[in-house]
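Since the structure of chain A is provided, determine the placement of chains B and C on it from the hints.
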Amino acid sequence: MKQFVLASIIAGALALPAAAADYKIMAPAAPGGGWDQTARSMQTALQDEKISGSVQVNNVPGAGGTIGLAQFVNQASGDPAQLIVGGYVMVGAILTNASPVTLDQVTPIARLTGEYEALVVPAASDIKDMAGLVAKLKADPGAVSWGGGSAGGTDHITAGLIAKAAGVDPTKVNYIAYSGGGEALAAILGGQVTVGISGYGEFAEQIKAGTLRIIGISSDAKVEGIDAPTFKEGGVDVSIQNWRMVAAAPGISAEQKAAVLADVEKMVTSASWTKILADKGWANTYLAGDDFAAQLKKDTESTAAILKDIGLVK
Amino acid sequence: MSLDNQQQERRRPDWAALAIAALLMVVSVVIAWSTASHGAGASYARVGPTTFPYVIAVAFFGLSIWTVFEAFRGDFPAREKQEISPILWIIGGLAAQMLLLKAAGFSIATGLLFAATARAFGRGPLWKTIPIGIVLSFVVWIIFAKGLQLSLPAGPLEHLLF
Amino acid sequence: MDTFGLLAQGLLTALEPMNMLYALIGVTLGTAVGVLPGIGPALTVALLLPVTYKLDPAGSLIMFAGIYYGGMYGGSTTSILLNTPGESASIVTALEGNKMARAGRGGPALATAAIGSFVAGLIATIGLAFIAPTVVKMALSFGPAEYFALMILAFMTVSAAFGDSTLRGLTALFIGLALGLIGIDLQTGQARLAFGIPDLLDGVEVTTLAVALFAVGEAMSVAASKGGDSTIQAIKGSVWMTREDWSRSWKPWLRGTAIGFPIGAMPAGGAEIGTFLSYSVEKNLAKKPEEFGHGAIEGVAGPEAANNASAAGTLVPLLTLGLPTTATAAIMLAGFQQFGLQPGPLLFATNPQLVWGLIASLLVANLMLLVLNLPLIGVWVRLLTIPLPWLYAGILLFATLGTIGANPSTFELGMLLAFGLLGYGLRRFGYPIAPVVVGLILGPMAEQQLRRALAISQGDPSILLGSPIAVILLLLAATAVLLPLYLRARGRGKVLAQLGANED
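Chains as they are written, first to last, in the working numbering: chain A, 1 to 314; chain B, 1 to 162; chain C, 1 to 504.
The shape of chain A in the complex, shown without the other chains (with noise of 0.2 Å):
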């Protein structure tokens, strides 16, 4: 009990004084993920930067976000206080799981942050290049073994366009799932798997050292700093961002997504937000308002495709 009294001295010292909530925003995972993480960080600039007086995180964690998704769309409809979180792998952990709440629910506000997926293979791997993969996948798919993260993810679906845009059944990838960043790497860097595909992120130090050898990245243009062709350069033509963003309340007036809109506007623009960004070395893809709402359409209509090639939705 002792203990108790002292922790709460020093914490409440440390803590910040409490005031009326102006943002309440909801991260639909568990705290120390990504999109805790991103709910966090924007909890952190709208409070330096004094947008906003006080932001509080709740976390409401559970299939790929479908369970917070569905709570927040129930509860937090018309109210312009409460946002929400997400990314694509929301998109498509709602296939997936047949959720009956889906994105189109909520207002979307602004896509925040992105991530390209990398194609890579030991050093020691006789694939030099996506044409020697290509070759290879063509001869004997069952034979390229992909190691990546959970099936369905994105690490899962970028696998899948890579296979169909090479012409290969993307049913026959023989992809293998691992529960954690750290566990896929790890078979990569073992041989256990021929490939590794993942966040450009995870892998950046092995390229760095040499362990791992990059033989494509997701993006539409070469991205400043990464020594490497895109997929399309490689002659496979597939482009992907695991991007992840933040949504406001479904029923929210015209002038009520404006001001939203203006708060995140003045976040993202902010020295906050800048040094959190180059902090935690995410690329910064913002893309607000309408431009995005088009964006999340393409991008929920290319998840669905894929997913029934892979045979992951009936």
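Hints in this document: simulated from the structure, not taken from any laboratory. It should be emphasised that the depicted structure is a prediction, and the values quoted were computed from it without experimental measurement. Certain hints may be false.
Unchecked claim - Now the in silico label distances, taken between C-beta atoms and shown as ranges:
| hint | chain 1 | residue 1 | chain 2 | residue 2 | range |
| --- | --- | --- | --- | --- | --- |
| 1 | B | Lys102 | C | Thr134 | 51 to 57 Å |
| 2 | A | Lys172 | C | Ala8 | 55 to 61 Å |
| 3 | A | Ala98 | C | Ala8 | 56 to 62 Å |
| 4 | B | Arg46 | C | Asn284 | 52 to 58 Å |
Stated by the list, open to error - Covered stretches of chain C (chain B as the covering partner; in silico rule of three or more C-beta atoms under 8 Å from a C-beta of chain B):
| hint | segment |
| --- | --- |
| 5 | 165-172 |
| 6 | 192-205 |
| 7 | 371-380 |
Where a beta carbon is used, it is the ideal one built from N, C-alpha and C, also for glycine.
Showing chains B and C alone in chain A's frame:
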């Protein structure tokens, strides 16, 4: 040991153990039925998402039969008589907390659980233990929700002071 | 500068009075949050990380290390005193630790856990500093087939916790395995046994099950029997460890460290497996194996050391390769980034000051934990002198607080209640509790590794015996199962004679 067995063999079968056997059988059927209702999903592994569930369903089937045998042989340990009302108090306390958590907030809901548990152990009366529980839970809420940033639901009591 | 010079420099910085104070604050905060059942070190570090942002790099690094160690130790305290495991790696500690606490030996149990953690942390951190590259090479050679063999070896440990009936032990294990099936299948994305309930898609949370079976189930059981056989004796004999306790503890500490460190370093090992294996090893080597299940100090000393050593072990792939292999390591990675540390293969070369600073901080935080907790053991043990009604009311308050704090959902509390009833039922009919939890942890791991191995080999089962490591592990597992059977068969005459003698 052998002496015990002989004594119990003369007893009628252990009905509770037979009920457990039936329950295990139900679990076996539910797992098998639920697994059969979705597709196998062809893969290179040949051991698909349905293999393990079927193995476990078969295991439950076997354990159920085994339990029936032991029930007739009287192999289950003797059970002392237990009272049912304390358990109902604890279940009630947990259910009250679960249902009231969102509406009434952490302190009130958890205070009720506290009082109900104390009641299960024969400590009362409730008009005394409920306020004690609520005050204690509120202190805990302040420490962990305000001090250490844990997200614990707030209700009218919490909003009154913060 | 050489290794020793850098480490010494790091230690000098960490031992400055101000930094020692930060370590103490970190350890205290970490213990306070980590003590909550269901909130393990990962969540503790995630929640408290912002506190460290406000300090200079050296100070925040050391406070961070303190939070980490405090969060880990907090889980053991509740396991021992309240039979409520704070996290999955301290489930095994509850088996023997709580039995000791109930017999008035909570003091020695807490002490052997604290000192064992310290010894293991010390050795493992030094191991991290000097043999990390070798260990990591070995860890990377583990593929799905080797992991599957390791899981099979770990499964044999369940039988150590079976109690007196094979039927009831197996039933408990299969209940755990069945619960492990629930949720989205990692390899195919299919929902299994979720019955269309979205809350079940992520499966059953190990800590929710453990807290419910151990704490809630026990509260019901004790209340229903009106305290009958569960009289708690807070202190009997010395609060401190006796000479016998010491002599029975030091070997398990060292063995636990030797088991936990390499398993922690394996990307898919996990801290729990080390604790399971250590428990089983100690039970097999104990001079008085009959004490297991009734409060054997070896069963606390070994697993606690293994738990801490494997925590240091997870830092091996994290610092040498940048591989975050556990949730805790992933959070630590996020923590490192604020210090400008980018873990990866080049880290030791590009950032030696910070790496050695971190290692020194870990050593100092480990020491502070011991300094803080040994004097407090007397206070902790007195928790058990609280009258039963208030004690159990408090246990349920904190058990639900942990669950709510990790996931404030009505459904999760419903699962807590349902599994609490399951725990009561298991106790009532003489089923052991631990195999359920072990099945939930090991089942999904073993299944995923097996399916990965077979997918990579395109369905050829010979891959499972394809490497010497896998063969050795499987042989060990077979020996562990068959040897006792053989000995029993051979010694049957003797045992029967003894039984006959007892009946006179």
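Checklist entry - Honestly, do A:Ala98 and C:Ala8 meet the 56 to 62 Å range at C-beta? => result At 60 Å between Cβs, range holds.
Next on the checklist: Please check whether the segment 165-172 of chain C has three or more residues whose CB lies within less than 8 Å of a CB on chain B.
Outcome noted: holds (count 4)
Checklist entry - Quick check: the segment 371-380 of chain C, covered by chain B? Criterion 3+ residues, Cβ under 8 Å. => result Our answer is that it is violated, as 0 residues pass the Cβ test (under 8 Å) against chain B, missing three.
Item to check | Beta-carbon spacing of B:Arg46 to C:Asn284 - inside the hinted bounds 52 to 58 Å or not | outcome: Since B:Arg46 and C:Asn284 have Cβ atoms about 36 Å apart, the given range 52 to 58 Å is violated.
Checklist entry - Okay, A:Lys172 versus C:Ala8 on CB: inside 55 to 61 Å? => result 57 Å, holds
Item to check | Given coverage of the segment 192-205 of chain C by chain B, checked by CB-CB distance under 8 Å (3 or more) | outcome: Three-residue rule met by the segment 192-205 of chain C, so holds; n is 3.
Checklist entry - When you take the CB atoms of B:Lys102 and C:Thr134, is the distance between them in 51 to 57 Å? => result For B:Lys102 and C:Thr134 the Cβ distance comes to about 53 Å; the hint holds.
Checked against the numbered hints above, the structure violates hints 4 and 7; every other hint is satisfied.
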